[in-house]
Amino acid sequence: MDRQSKIWLLFTVGLSFLIWSLLISWKFSVAIIPAILFHEYGHYYWMGREGIQKRSMMMIPPFGAVAACQEPWPSREAETRIALAGPIFGFISAVGIFVLWQMFRYPILGATTYLICFFNMFNLLAPIPILDGGRVIKSILCSMDEKWGVLFYYFGFMVLLASFIWIPGAGLIATVIGYLLYKDFQYHRMLPQILSNSRLALGLLAFVDREKILYDDKDQEEDVVKSIFFASGLEWVPEKNKSGLEKVIKDLELRINPPGMNLSQAVNHFFVYLSLNLCYAILFLQLTNVNFSNYLSFFK
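In this text, residue positions in the sequence shown follow UniProt numbering: the first is 1, and each later residue adds one.
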């Protein structure tokens with residue numbers, strides 16, 4: 001991460017600590033923030049393993065954190081591995097704290113393990129395309145047919161609506177996740193049009209270059225090029241020239257249609273997904289045998 005990203009991460013960690021301390025307690029903040037950060041670091045770390053350089057982490061108080069990627073996924077398989085890395089790191093931390101709880105029998109260690117398991121199982125089991133488990137399923141479905149991936153988005157919206165209506169206390173989190181899901185859905189819906197505009201702008205630049213249009217001065221030439229980018233809705237492109245536009249087109253093509261998984265790869269990754277859910281379920285069952293009337297009470 002660059003210096004600005006590190007400062008922003010520290011700021012959001014501090015803000016999250018303050019908000020959770022006020023809402024629940026400082027003990028809860030001390031337990032939940034490292035757990036969430038370790039989970040997100042799993043995503044961040046594996047992005048690097050997949051060759052992604054432009055990446056960052058930040059907390060989203062009081063809802064959690066995110067490992068952001070400013071590059072397209074190299075492939076659907078890479079997206080799946082990155083999605084699974086967070087819960088795998090989370091499971092490692094949960095097992096470590098569970099072992100400490102077994103050794104020292106401090107109730108707060110058991111409560112922290114419960115919290116980590118709950119957070120990660122929610123991420124894995126909720127069929128929402130922007131969450132970890134949903135991203136795995138979406139990647140597999142998109143590898144089969146992009147239409148299945150789009151239908152899975154609609155299914156995610158229906159799940160959130162049902163949660164908002166029928167699950168007490170889920171309204172706020174369902175609304176926040178629903179908003180993020182809508183923004184992600186709209187972004188991917190816009191990409192084909194942006195790609196079309198980019199190709200049109202590239203054609204116009206090539207036409208201007210081929211016709212050898214004469215300009216009175218360099219400023220006039222730059223104005224024509226800027227007008228092409230502006231008219232195409234591409235004023236955000238940093239390099240306003242043919243080379244910069246070709247980079248944007250290559251990026252967009254990979255974002256819209258990253259290489260999919262074959263059947264063997266899809267089955268293998270789905271098996272890892274199911275196995276990870278099973279591991280969390282086994283650990284979670286070890287905790288439910290303990291008579292904790294309210295896990296949050298251990299953080300007060």
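If you're looking for bench data, these hints aren't it; they were derived computationally from the structure.
Backbone N, C-alpha and C define an ideal beta-carbon position, used for all residues, glycine too.
Some hints here could point you the wrong way.
[Stated by the list, open to error] Estimated spans, in silico, between C-beta atoms of each pair:
1. F284 <-> K242: 51 to 57 Å
2. L263 <-> M158: 53 to 59 Å
3. E222 <-> W166: 36 to 42 Å
4. L15 <-> L180: 14 to 20 Å
5. G96 <-> L200: 37 to 43 Å
6. S196 <-> F63: 34 to 40 Å
[Stated by the list, open to error] In silico lysine-lysine, DSBU-like type, Cα no more than 35 Å apart, as pairs:
7. K147 <-> K300
8. K250 <-> K226
9. K226 <-> K300
10. K147 <-> K27
11. K247 <-> K300
12. K27 <-> K226
13. K6 <-> K147
Taking the hints in turn, this is what the structure says about them:
1. F284 <-> K242: 51 to 57 Å: holds (56 Å)
2. L263 <-> M158: 53 to 59 Å: About 28 Å separates the Cβ atoms of L263 and M158, which means 53 to 59 Å is violated.
3. E222 <-> W166: 36 to 42 Å: violated (58 Å)
4. L15 <-> L180: 14 to 20 Å: holds (19 Å)
5. G96 <-> L200: 37 to 43 Å: For L200 against G96, whose Cβ atoms are near 54 Å apart, the range 37 to 43 Å is violated.
6. S196 <-> F63: 34 to 40 Å: holds (35 Å)
7. K147 <-> K300: Since the Cα atoms of K147 and K300 sit roughly 48 Å apart, the hinted pair is violated (cutoff 35 Å).
8. K250 <-> K226: Holds - the C-alpha atoms of K226 and K250 are around 20 Å apart, at most 35 Å.
9. K226 <-> K300: This hinted pair is violated, its Cα atoms lying about 59 Å apart.
10. K147 <-> K27: This hinted pair is violated, its Cα atoms lying about 46 Å apart.
11. K247 <-> K300: violated (53 Å)
12. K27 <-> K226: Measuring from Cα to Cα gives roughly 55 Å; hence the hint is violated.
13. K6 <-> K147: Roughly 38 Å between the alpha carbons, so the hint for K6 and K147 is violated.
Violated hints, listed in ascending order, are 2, 3, 5, 7, 9, 10, 11, 12 and 13; each of the other numbered hints is respected by the structure.
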